[in-house]
Amino acid sequence: DTGVSQDPRHKITKRGQNVTFRCDPISEHNRLYWYRQTLGQGPEFLTYFQNEAQLEKSRLLSDRFSAERPKGSFSTLEIQRTEQGDSAMYLCASSSRSPSSYNEQFFGPGTRLTVL
Amino acid sequence: AQKITQTQPGMFVQEKEAVTLDCTYDTSDPSYGLFWYKQPSSGEMIFLIYQGSYDQQNATEGRYSLNFQKARKSANLVISASQLGDSAMYFCAMWGTDFGNEKLTFGTGTRLTIIP
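Protein chains in written order, with this note's numbering: chain L, 1 to 116; chain W, 1 to 116.
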């Protein structure tokens, strides 16, 4: 299967700990997105990469959050000093820019974070 | 800024009946796209259908069709002959070109339950 993969699928941590999530996009996709989805809500945009360049960050992404995409392949999302309000599903999506496509974003299965 | 509104938090539909899920949107972008995603209890976002703002005809994909009324800014999803496997959360989303970042803005979703 060559879809978007995320690791881990579930993470339970104590408040104040640091956590890191990984996303592997579809190999030929140059665009990668991170979204956060809290219970009962739709996903909210966090940040976006085109190749290795981080082009936009949402106001939701506080200083405790950092994302990287070295070499334009996989991406990591790190949360430092986690808070209970960080508990959510973190979704990664990828897409490719093609004149014949409508830039459908393909989503991974998500990482569910629980902060105790 | 873009906004998606889904006013039906939950719907119950008899199996084999057709169902319409409502979605209205607001944007100042002249060019935009509208998506519908399905999210089963497992959490992954599954792409269903896409409608471009300049598309003349309503999009269809198998049992899914999108009733696009541009003047009313609505993009309702119609599922024909509903099946038990259609029970899930359904999200309407849109993108608008913003420095090439086609980030998605999601609504709050509709939980669809198909009754046998």
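Derived from the structure by calculation, the hints contain no laboratory data.
Incorrect hints may appear among the rest.
A few chain L residues facing chain W, derived, Cβ under 10 Å [stated by the list, open to error]:
#: 1; residue: Lys11
#: 2; residue: Thr13
#: 3; residue: Gly16
#: 4; residue: Tyr33
#: 5; residue: Gln41
#: 6; residue: Pro43
#: 7; residue: Glu44
#: 8; residue: Gln105
#: 9; residue: Phe107
#: 10; residue: Gly110
Computed beta-carbon distance windows for the label pairs [as the list claims (entries may be wrong)]:
#: 11; chain 1: L; residue 1: Thr38; chain 2: W; residue 2: Arg72; range: 46 to 54 Å
#: 12; chain 1: W; residue 1: Ile46; chain 2: L; residue 2: Leu60; range: 32 to 40 Å
#: 13; chain 1: L; residue 1: Glu78; chain 2: W; residue 2: Asn58; range: 39 to 47 Å
#: 14; chain 1: L; residue 1: Arg112; chain 2: W; residue 2: Gly62; range: 49 to 57 Å
#: 15; chain 1: W; residue 1: Asn58; chain 2: L; residue 2: Arg9; range: 30 to 38 Å
#: 16; chain 1: L; residue 1: Lys14; chain 2: W; residue 2: Pro30; range: 30 to 38 Å
#: 17; chain 1: L; residue 1: Ile12; chain 2: W; residue 2: Tyr64; range: 34 to 42 Å
#: 18; chain 1: W; residue 1: Glu61; chain 2: L; residue 2: Thr76; range: 14 to 22 Å
#: 19; chain 1: L; residue 1: Lys14; chain 2: W; residue 2: Ala81; range: 45 to 53 Å
#: 20; chain 1: L; residue 1: Arg112; chain 2: W; residue 2: Lys3; range: 22 to 30 Å
#: 21; chain 1: W; residue 1: Tyr54; chain 2: L; residue 2: Asn51; range: 23 to 31 Å
#: 22; chain 1: L; residue 1: Ser27; chain 2: W; residue 2: Gln14; range: 19 to 27 Å
#: 23; chain 1: W; residue 1: Ser41; chain 2: L; residue 2: Arg22; range: 30 to 38 Å
Take a look, some chain W residues computed to stay more than 10 Å from chain L by CB distance [stated by the list, open to error]:
#: 24; residue: Ala18
#: 25; residue: Asp29
#: 26; residue: Thr105
#: 27; residue: Thr108
Ideal Cβ positions, reconstructed from N, Cα and C, are used throughout, including at glycine.
Checked hints:
1. Lys11: With Cβ-Cβ at 14 Å, over 10 Å, it is violated.
2. Thr13: Interface hint status for Thr13 of chain L: violated (19 Å vs cutoff 10 Å).
3. Gly16: 26 Å, violated
4. Tyr33: 6 Å, holds
5. Gln41: Nearest chain W Cβ about 6 Å off; hint holds.
6. Pro43: 5 Å, holds
7. Glu44: 7 Å, holds
8. Gln105: Result: holds, 6 Å to nearest chain W Cβ.
9. Phe107: 4 Å, holds
10. Gly110: With a minimum Cβ separation of about 5 Å from chain W (threshold 10 Å), the hint on Gly110 of chain L holds.
11. L:Thr38 / W:Arg72: 46 to 54 Å: 30 Å, violated
12. W:Ile46 / L:Leu60: 32 to 40 Å: Once the Cβ atoms are compared, 24 Å apart, the range 32 to 40 Å for Leu60 of chain L and Ile46 of chain W is violated.
13. L:Glu78 / W:Asn58: 39 to 47 Å: 43 Å, holds
14. L:Arg112 / W:Gly62: 49 to 57 Å: 30 Å, violated
15. W:Asn58 / L:Arg9: 30 to 38 Å: 37 Å, holds
16. L:Lys14 / W:Pro30: 30 to 38 Å: 49 Å, violated
17. L:Ile12 / W:Tyr64: 34 to 42 Å: 36 Å, holds
18. W:Glu61 / L:Thr76: 14 to 22 Å: Violated, at about 34 Å.
19. L:Lys14 / W:Ala81: 45 to 53 Å: This hint holds: roughly 48 Å between Cβ atoms.
20. L:Arg112 / W:Lys3: 22 to 30 Å: Holds, since Arg112 of chain L and Lys3 of chain W (Cβ atoms, about 27 Å apart) stay within the stated range.
21. W:Tyr54 / L:Asn51: 23 to 31 Å: 28 Å, holds
22. L:Ser27 / W:Gln14: 19 to 27 Å: About 43 Å separates the Cβ atoms of Ser27 of chain L and Gln14 of chain W, which means 19 to 27 Å is violated.
23. W:Ser41 / L:Arg22: 30 to 38 Å: Given a distance of about 24 Å, which is not inside 30 to 38 Å, the answer is violated.
24. Ala18: Ala18 of chain W is indeed farther than 10 Å from all Cβ atoms of chain L, at 24 Å.
25. Asp29: Asp29 of chain W is indeed farther than 10 Å from all Cβ atoms of chain L, at 14 Å.
26. Thr105: 7 Å, violated
27. Thr108: The claim is violated: Thr108 of chain W sits with its nearest Cβ about 5 Å from chain L, within 10 Å.
In summary, the structure is inconsistent with hints 1, 2, 3, 11, 12, 14, 16, 18, 22, 23, 26, 27 from the numbered list given earlier, while agreeing with the others.
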